[in-house]
Amino acid sequence: MSQLLKVAEAAAHGVTESATHTAQHAAHAATPSLSLLGDNLPALAIVVPLLAAPLVALMIRPALAWSLAALAGLTTLAVTGGLLARVLDSGPIVYAVGGWAGPWGIEYRIDTLSAGMLVLVAGIGAVSLLYARASVAREIPPARASLFYSLMLLCLTGLLGMCISGDVFNVFVFLEISSLSSYALIGLGSTRRAFTAAFNYLILGTIGATFYVIGIGLLYMMTGSLNMADLATLVPAQMDTTTVQMAIAFLAVGLSLKAALFPLHLWLPNAYAYAPSVVTAFLAATATKVSIYVLVRFVFTVFGGTGLLVLEGPLGLSAGTLICVLALAGVVVASLSAIYQEDAKRLLAYSSVAQVGYMLLGVGLASPAGLSAGLIHVFNHALIKFALFLAVGAVVWRTGSAHMAALAGAGKRMPWTMAAFVIAGLSLIGVPGTVGFVSKWMLLQAALAQQLWLVAGLILFTSLLAVVYVWKMIEAAYFRPVPEGGPEIAEAPLSLRLPLWLVALACIYFGLDASGPVGIAETATRTLLEGGA
Amino acid sequence: MTPEVALPLPPALGLIALGLLLPLIPRPARPLWLVGGPALVLGWVWLIPEGSHLALPFLGHVLEPLRATDLTRVFATVFSLMALVGNLFALRQKSTWELAAANVYAGGAIGVTFAGDLISLFVFWEVMAVASATVIWSAARPAAYRAGLRYLQVHLLGGVILMAGIIGHIMDTGSIAFTAMQPETVATWLILIGVLINAGAPPLTAWLPDAYPEASFSGTVFLSAFTTKTAVYVLIAGFPGTQILIWVGMYMVFYGIIYALLENDMRRILAYSIINQVGFMVCGVGIGTEMALNGAASHAFTHIIYKALLLMSAGSVFYMTGRTKCTELGGLFRSMPLTCTAGIIGALAISSFPLTSGFISKSMIAQGAADQHMAWVWMGLEAASAGVFLHAGIKFPWFVFFQKDRGLRPKDPPLNMKVAMVIFSAFCLGLGLFPQPLYAILPFPVDYVPYTTAHVVKQLQLLLFAGLAFFVLLPLMKRTETLSLDWDWLYRRPGPWLAGRALALIGALYDSLTGAGRHLLARLFTTLERGHGPTGTLARTWRVGNAAVAVMVLLCLYLAIYYR
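In the order they appear, the protein sequences are chains E and P. Just so it is clear: in the first sequence, position 335 is 335 by full-length UniProt numbering, and no numbers are missing. Just so it is clear: in the second sequence, position 215 is 215 by full-length UniProt numbering, and no numbers are missing.
It should be emphasised that the hints constitute simulated quantities derived from the structure, not laboratory data.
Some chain E residues near chain P, calculated using beta-carbon distances under 7 Å: (1) Ile-203; (2) Leu-204; (3) Ile-207; (4) Gln-245; (5) Ile-248; (6) Val-253; (7) Leu-266; (8) Leu-317; (9) Ala-319; (10) Val-431.
Here are some chain P residues the structure puts well away from chain E; computed CB gaps all over 10 Å: (11) Ile-25; (12) Arg-73; (13) Arg-92; (14) Thr-173; (15) Gly-331; (16) Leu-390; (17) Gln-403; (18) Val-419; (19) Leu-433; (20) Leu-468; (21) Val-472.
Glycine included, every Cβ here is placed at the ideal spot set by N, Cα and C.
Put together the whole structure using the sequences plus the hints.
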């Protein structure tokens with residue numbers, strides 16, 4: 001209950017903030033403008049889900065709440081799509097919120113990377129909301145359905161805000177909005193274990209957020225600025241001070257915790273395993289990715305690029321190496337753990353920890369190829385894991401459980417759902433023709449370009465571990481007999497299967513024609529590295 | 001300059017689509033779909049003029065999934081022909097899964113032959129691995145499930161090795177083009193190893209006779225055609241004249257003969273003889289002259305047809321009787337005359353009997369060795385020809401269709417299966433009588449006349465003495481219900497068994513040490529499970545306090561890096 005209150009508080013905070021902004025917009029709009037809507041697209045990306053959230057909470061009938069939430073999700077997707085088109089067309093957008101120019105006012109800064117992330121998050125949010133109707137009706141008591149949708153929109157707002165904002169404190173505000181709403185969402189899971197999972201995540205997530213705010217506090221102490229672009233020019237002069245060094249350490253740990261970098265992933269498996277199906281799918285595809293985005297933003301935009309990663313400390317260890325070692329350890333340990341799981345959601349959660357390892361490995365390699373590979377895996381893995389969790393969600397919808405035993409015979413009884421699951425599973429392994437292959441390929445190339453044979457060997461070895469844990473689920477679904485005497489299980493409803501297939505086909509489409517996302521990742525890498533130079 | 005193509009799409013996609021869409025086709029329309037589709041693909045293969053016709057940008061490289069060469073056409077032709085007649089044979093197969101997977105599998109094989117770059121090649125390579133494992137699983141028996149799993153493991157391992165090699169090769173040369181290479185760098189060695197695993201080369205030979213006979217009556221027919229022969233294609237195109245392949249090939253030739261002679265299951269006998277026959281081709285690639293490469297390519301062509309014919313004959317027996325063991329069969333020639341005739345024609349072809357297709361192709365490989373004055377290789381190949389006659393040429397038909405009458409009176413199989421066997425029998429005899437059309441499509445100009453008096457007489461002598469030897473030694477040839485140990489035991493019973501074998505000589509230590517090996521392996525898995533199982537240290541739900549400690553430790557690490 002206290003969590004819900006906190007969320008409401010945070011939301012209210014956000015609303016008042018944005019309300020003042022909108023008021024100021026009205027004043028601002030008095031000046032002649034050719035396309036009012038077009039110019040304010042950045043604000044709309046945040047305002048639409050944020051304002052829809054309290055409205056949805058007021059709806060008593062679940063169907064109505066869902067319609068409004070889904071509409072808001074789709075609108076947000078359209079807005080972010082427009083933003084991406086603009087950025088690709090005419091370069092980065094700087095938007096002064098409320099007309100207050102940076103570095104004093106809050107700036108939204110949208111370059112290729114943030115626009116790409118916005119579309120990814122909004123897209124996953126929209127599809128989750130479409131999928132949610134049937135799933136929520138089954139897993140959430142009707143009385144809480146509208147609250148649930150409201151929280152989903154708040155969480156979406158927070159994640160979008162973290163991607164769009166060019167102000168480090170504003171990022172913290174959005175981080176809290178998304179975190180608090182996700183604690184509450186996880187707590188809505190149908191078993192009592194969901195509470196402890198949410199509580200653990202709350203404690204650890206708060207530690208992460210606190211570290212983050214300590215980090216930016218220290219930066220503010222030394223530079224007097226919270227604006228990223230401004231910080232980028234002010235920080236280099238202070239780089240050798242103990243305070244800034246402390247700031248880097250706090251920021252790195254805080255964000256690694258939110259990104260679930262091994263060994264700071266301990267909150268993740270239970271949170272994903274016990275949350276409602278839609279929440280798991282949505283968070284798995286977005287939350288850790290956005291934290292990685294913020295980490296990349298700090299390393300490359302604020303702290304000036306790869307220098308920070310290759311800098312060797314007194315122990316002869318550089319942060320890049322540390323990240324690579326932890327990432328690889330995470331990949332191996334989490335993949336092994338995934339193999340031994342008996343619950344499909346928990347298994348996939350461990351696999352997420354492993355995959356986060358691949359992404360951060362790319363970042364830790366501190367080369368353009370590595371960074372591109374890490375960023376492309378952010379996108380690809382979001383699609384893959386989203387599809388997998390949606391498929392498991394459909395099985396849960398029918399059987400009420402994600403245990404291996406519940407999967408038994410699903411291949412026969414839910415052929416469409418499981419076929420999509422197999423496609424996504426093959427992507428997770430990295431079979432050619434799927435998105436997973438593109439990631440694996442680029443990551444291997446990046447590792448081999450630096451002559452890191454051990455790293456390349458480990459990437460290949462762990463992809464075989466992925467075969468084992470994906471196989472474990474496929475074996476259960478296709479080769480175990482349908483349990484006798486159990487309830488009759490039919491295919492999941494179309495409203496679950498359509499979003500699932502949409503994502504599964506995307507896994508294949510972007511695996512065959514990777515030019516779009518790879519182009520964005522490479523442009524983003526260039527911008528990041530130039531910005532840092 | 002590349003000439004225009006009417007339909008610039010890889011024919012592979014045609015067969016893959018045919019397979020994937022099959023479940024949506026109503027059952028009455030399926031015969032037309034399954035036979036008409038591959039016929040169109042066969043025509044399509046021939047409509048593509050030489051050269052590369054498709055350029056797809058992918059990750060900064062340009063893929064060429066549609067590059068036709070002379071060699072491509074030889075293999076693509078026989079692969080689509082195989083899909084056509086194989087589908088005809090399998091029309092009664094109830095498992096939609098198997099038929100769908102078999103056509104995707106054939107599509108993958110054709111895709112490999114048209115791949116002009118290493119990435120497309122790898123993509124189709126993996127398509128084949130997954131689709132062929134699905135064909136095995138479609139037999140829906142527990143033994144087939146386990147064999148398919150072992151099969152897939154070997155091929156995924158091969159795929160990983162191949163992929164590592166391909167990436168390394170691209171880093172070395174900067175080009176993704178698939179051209180002839182020599183195993184000189186780590187990367188090219190890895191590619192060669194990855195390909196050889198699919199060819200059934202030692203030491204990972206056993207996946208083939210382990211898995212193929214577990215498939216259904218029709219599944220084995222498909223399996224026999226594609227995986228090993230695409231590997232032969234890649235070897236011809238990628239590693240012509242690589243010396244080591246001669247010895248790899250010789251090993252495979254004799255390995256196949258010896259194990260086939262010891263075997264009792266008719267389909268497993270034929271599976272071993274695949275390795276034996278692929279050994280001839282690998283050996284031909286190793287010799288690497290135009291004559292030998294032509295021989296390898298044409299032998300692949302004829303081999304696919306007569307091996308499929310043999311397996312159709314065996315498959316028909318299995319389909320009608322449900323039995324596969326030589327000791328349970330015999331005397332079927334009375335009630336299954338057509339199946340028996342087809343089996344004998346296939347057996348004669350595999351033994352390179354004059355007037356059959358095997359005669360006109362295999363002899364080119366031996367001729368290649370003779371031209372290079374490789375006396376040992378030539379003698380080995382000739383001796384092996386006699387061995388082939390023993391294990392496949394006589395043993396298979398004798399024990400299945402003649403020998404002791406067990407009182408079985410099954411009829412010949414249904415019409416579609418009979419027609420398929422007749423078609424392939426006609427090919428075996430037709431190519432033996434008129435080799436020119438096949439010679440005309442080979443990659444190099446053929447200057448070889450198979451039917452010289454000396455050659456025919458020598459071959460007949462060889463076969464007659466081999467035949468004599470078989471009947472003289474008949475008591476020894478009779479099979480009992482035995483199992484032959486093979487390399488696959490190494491990975492089926494890994495640690496303990498390996499320890500056991502190495503130390504079998506030291507009898508006293510044997511028990512304790514196998515015990516120790518078993519114990520060690522068990523310990524490893526328990527440790528892993530203790531660490532990673534649901535209650536394991538690394539995977540259980542941690543107390544929040546402990547998790548917070550991890551946070552602090554990491555903070556200290558970062559401080560240690562940046563603080564000075």
